[in-house]
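K.L.:
One-letter residues, chain by chain:
Protein chains: 2
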Amino acid sequence: MSPDDIARTRLRPRRMGIDSHSEPVAFLRADCHVCRSEGFEAQSRISVTVGDKTIITTLNIVYSDILGKGDIGLSEAAWKRLDISNGEVATLSHTPSLDSMSHVRSKLYGHRLSREGMEAIVTDVVAGRYGDIQLAALLTACAGNRLDLSEITWLTTAMVNAGHRIDWGREKVMDKHCLGGLPGNRTTPIVVSIAAACGLTIPKTSSRAITSPAGTADAMETMTRVAMSLEDMKRVVEKENACLVWGGSVSLSPADDILIRIERALDIDSEGQMVASVLSKKAAAGSTHVLIDIPVGPTAKVRGRQAADHLSHLLKSVGEALGMQVRTIQTDGTQPIGYGVGPALEAADVLAVLRNDPRAPTDLRERALLVAGELLELGGIAAHGKGNRMARETLHSGRAGEKFMAICEAQGGFREPQISPCTRGFTARRTGIVTHINNRLVSRLAKLAGAPGASGAGLRLAVHLGDRVEHGDPMFELFAESPGELAYAMEFHEAHPDMIVIEEESV
Amino acid sequence: MSPDDIARTRLRPRRMGIDSHSEPVAFLRADCHVCRSEGFEAQSRISVTVGDKTIITTLNIVYSDILGKGDIGLSEAAWKRLDISNGEVATLSHTPSLDSMSHVRSKLYGHRLSREGMEAIVTDVVAGRYGDIQLAALLTACAGNRLDLSEITWLTTAMVNAGHRIDWGREKVMDKHCLGGLPGNRTTPIVVSIAAACGLTIPKTSSRAITSPAGTADAMETMTRVAMSLEDMKRVVEKENACLVWGGSVSLSPADDILIRIERALDIDSEGQMVASVLSKKAAAGSTHVLIDIPVGPTAKVRGRQAADHLSHLLKSVGEALGMQVRTIQTDGTQPIGYGVGPALEAADVLAVLRNDPRAPTDLRERALLVAGELLELGGIAAHGKGNRMARETLHSGRAGEKFMAICEAQGGFREPQISPCTRGFTARRTGIVTHINNRLVSRLAKLAGAPGASGAGLRLAVHLGDRVEHGDPMFELFAESPGELAYAMEFHEAHPDMIVIEEESV
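Line by line, the protein sequences give chains W and R.
Position in the first sequence counted from 1, then plus 8, gives you the numbering used here.
Position in the second sequence counted from 1, then plus 8, gives you the numbering used here.
One should not assume that every hint holds.
A pair holds if it fits inside one copy or across any two, identical chains being indistinguishable in the list.
To be verified - Here are the simulated lysine to any residue pairs, SDA-like style, with alpha carbons at most 20 Å apart:
#: 1; residue 1: Lys77; residue 2: Lys324
#: 2; residue 1: Lys247; residue 2: Pro262
#: 3; residue 1: Lys324; residue 2: His404
#: 4; residue 1: Lys242; residue 2: Asp156
#: 5; residue 1: Lys88; residue 2: Ser72
#: 6; residue 1: Lys77; residue 2: Arg23
#: 7; residue 1: Lys247; residue 2: Glu374
#: 8; residue 1: Lys88; residue 2: Glu49
#: 9; residue 1: Lys88; residue 2: Tyr71
#: 10; residue 1: Lys77; residue 2: Gly25
#: 11; residue 1: Lys242; residue 2: Asn94
#: 12; residue 1: Lys324; residue 2: Gln314
#: 13; residue 1: Lys88; residue 2: Ala38
#: 14; residue 1: Lys61; residue 2: Arg476
#: 15; residue 1: Lys324; residue 2: Asp365
#: 16; residue 1: Lys180; residue 2: Arg120
#: 17; residue 1: Lys394; residue 2: Gly420
#: 18; residue 1: Lys61; residue 2: Lys77
#: 19; residue 1: Lys324; residue 2: Lys394
For the record, the hints were derived by calculation from the structure and aren't laboratory data.
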């Protein structure tokens, strides 16, 4: 029996209704003829073909009657990727050996990854040939700043080439990005609305949260549709000069979406991976001019000036290699921006700014105006030093808010963000001045409350650095979908009471 | 509802009959009350408690009727670890956050792991708190020789402390180990038989294959029972001064068994992990004197003299820190030893040597006598330089063979190893001298044929380095359980014809 004969063995695909989330899973009975003759065992990686589609799955062996003998069970991820119609049959084959893992092993031993090695790895990742274990090893091998400039450039290029690259047919296509690590720093919808209102083309694709309580796509999704096809996205941009969508649904840098899932589980953000992730999305989105906001602070993602300068250098260099003009700004990353932390809570802050609500968070507004101003200058709309003023006028006049609503309408309609119903307020335990806010603990607490999985969950801060508070004054409020999650977050807060530090005023 | 309330929600455990091999999996209906109120989603890590046992599982969400609404489905691994009796109920809780991963992340960024960090990691690994993704990240972070001597010592100590440590109540307890990477180098059963026949105490625990086609435990299992309780093992050693068992079943260094599964999937062997793996097993097994054979060769696990010297230094230093006297010998690692590669095929070679069969592989016999001689000297039974002769006499007299059979009898009875039925011979494509044998390709081919999962699979070499062969002479024979696997291995061999290099004789 040759490998071709194996492929001629036909099995009935059966949807198991099991969501294993991660890698696609196939289920075979232990006494199934293919399982026995091929020597497959649990955790084997096998190729499953239905029609003209082939995917690689991890095998689970079934010893019960939840599956028939001539059946192959498929998890939700496997079923959807195979796109099975009635009556189709599945054939199996051994998975070709994963040769590109030798490049990962070589990297582990301190050797540089070659351009060919990087391409081979990314090709295999996008084809689904890496299981979760291999993906974790790849990310870990490249983490800790172990990729040099060439390696990051090759990784980024390989990631761009592995997906679609959009051509907008316009000379200047603007983009902006914030490196995150700063809870609540949701300037993007405001910046995009201002830039588009001023006439710049800015088709913004955003990612969901990696290790934070909310990404821009998560926040936008509480107000409008963000999962859109490329055609729909083009239609929106044609009409409004801008869009605010999730990048994952338009297959821009599909490798990035696969890697991000494992990065999230490991809670690691590596420098090279971060640069490749950001710039591959930008290049694939057809951007020509990109402004990158790097918040710097002791508990932000980038902790010091030196690290920010290095990152800035990498971003500009890799951007240039990909034909993009990248400008970076370093901003204050010492505390959260705005009040809300979590998708809907951040969306509420964004709306307050766009509506010129007097209760809108000043810091979020000023940060957005700073970034928008830089972008207007980078795009050649405002003269050097005049961008901030133009941005401010656009916001105050209401034109930015109108543009935002128009974008949401074009994407499928606007809705008000919904905050989670289970709440609990926390008050100051002493009188004094707020001297420290630990961004990492704030993020962690919002995540434990359910963000970003539960879009209405998170927390709303009542204070900022330097505020004077009395004993008993409100400090922050927690929001969760279920009492269990609220209790879990509160338990964590009890164990980490130094999230917000209040010191007595010196006399 | 507090975390305590969640734990009061009771679910009926149901055995799904699904072998997911890796981490234990729990299945919950999407519309189950706990799932909804707790906000659990696919790939959540949740704690499941039944009676006095709690395990951590990865969650799969079920959308079909293979599970009832008040049920919690459990994979085979989860079911077995919870050891469920009829009528028991299961309670769930959120998994405490995995704080020790912060040490892994710190290591990624080049910081040294502290003793406390290493202990926290190993404690969490043994408690099953690391999922496959986290285990892969841990192994990758420590691979590539990134652990220094102190870190390896702490890792080893933590691994020893996380399991049982056997006290034999004897002054000298011998052990030997071969660092592997040399296909077919199955000296252990011969060496143990000789040493025990000469009066040394040598309770040998071996591991199964990590990245090789066979470990000593795999080979021994084709001849006798190797999965034994500590009590049974003690009874065997009491009677015969020796045993030849699998270390995994007696809970010696349970962390090692968990890590090895992921190392195997990643096909990585890291230096620090290797030292910790070997010495934690030795220390836990109560060894006082350990001889370690390091085969050195361009395609062996250790490729050069310098690497071998470094490894030797690490092994002796870490051994000393754990109170063991470690001696190392460096041996020729340029080619496979014996003829067979694969559990049963290697067992057949071992038996031929022990039975003084004239067709027994000379190289395996001489290698075993070299190691046994060193061990007799280390154990103080033979004077310096006299060990090899004593070993040879013990083998030739038949006393080693008798001791081997006695050990097998004490472990539950001896059986002849069974070779797989599907075979295919390969012959020389030209006349000349065998100048290179690529150990890695030999191992890979034996694994593709099914070893070590199929114990009778692998290959049998007909030639060694320096042999003169005629065109058409037999070179090696492949053995597999199924035609599919045989075809798969043959396909690989076609793609890598340089496994055995024959060069024309210079005139």
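K.L.:
A separate judgement is required for each hint: does it hold in the structure or not?
P.N.:
Consistency of the hints with the structure:
1. Lys77 - Lys324: For Lys77 and Lys324, neither the intra-copy (57 Å) nor the inter-copy (54 Å) Cα distance is at most 20 Å.
2. Lys247 - Pro262: For Lys247 and Pro262, the Cα distance exceeds 20 Å both inside one copy (27 Å) and across copies (62 Å).
3. Lys324 - His404: Cα proximity of Lys324 and His404: none, with 33 Å in one copy and 73 Å across.
4. Lys242 - Asp156: Classified as neither; 35 Å inside a copy, 54 Å across copies.
5. Lys88 - Ser72: Only across copies: Lys88 and Ser72 sit 15 Å apart there, 24 Å inside one copy, limit 20 Å.
6. Lys77 - Arg23: Result: close both inside a copy and across copies, 15 Å intra and 19 Å inter.
7. Lys247 - Glu374: neither (28 Å within a copy, 82 Å between copies)
8. Lys88 - Glu49: So Lys88 and Glu49 pass the 20 Å test across copies only (18 Å; inside, 24 Å).
9. Lys88 - Tyr71: between (25 Å within a copy, 14 Å between copies)
10. Lys77 - Gly25: Classified as both; 18 Å inside a copy, 14 Å across copies.
11. Lys242 - Asn94: Neither: 34 Å inside a copy, 60 Å across copies.
12. Lys324 - Gln314: Close inside one copy (15 Å), not across copies (42 Å); limit 20 Å.
13. Lys88 - Ala38: The answer is between: 18 Å across copies meets 20 Å, while 24 Å in one copy does not.
14. Lys61 - Arg476: neither (63 Å within a copy, 50 Å between copies)
15. Lys324 - Asp365: Neither, since 37 Å and 71 Å both go past 20 Å.
16. Lys180 - Arg120: neither (35 Å within a copy, 47 Å between copies)
17. Lys394 - Gly420: Cα proximity of Lys394 and Gly420: none, with 34 Å in one copy and 88 Å across.
18. Lys61 - Lys77: neither (23 Å within a copy, 34 Å between copies)
19. Lys324 - Lys394: Result: close neither inside a copy nor across copies, 24 Å intra and 69 Å inter.
The structure is inconsistent with the numbered hints 1, 2, 3, 4, 7, 11, 14, 15, 16, 17, 18, 19, although it conforms to all the rest.
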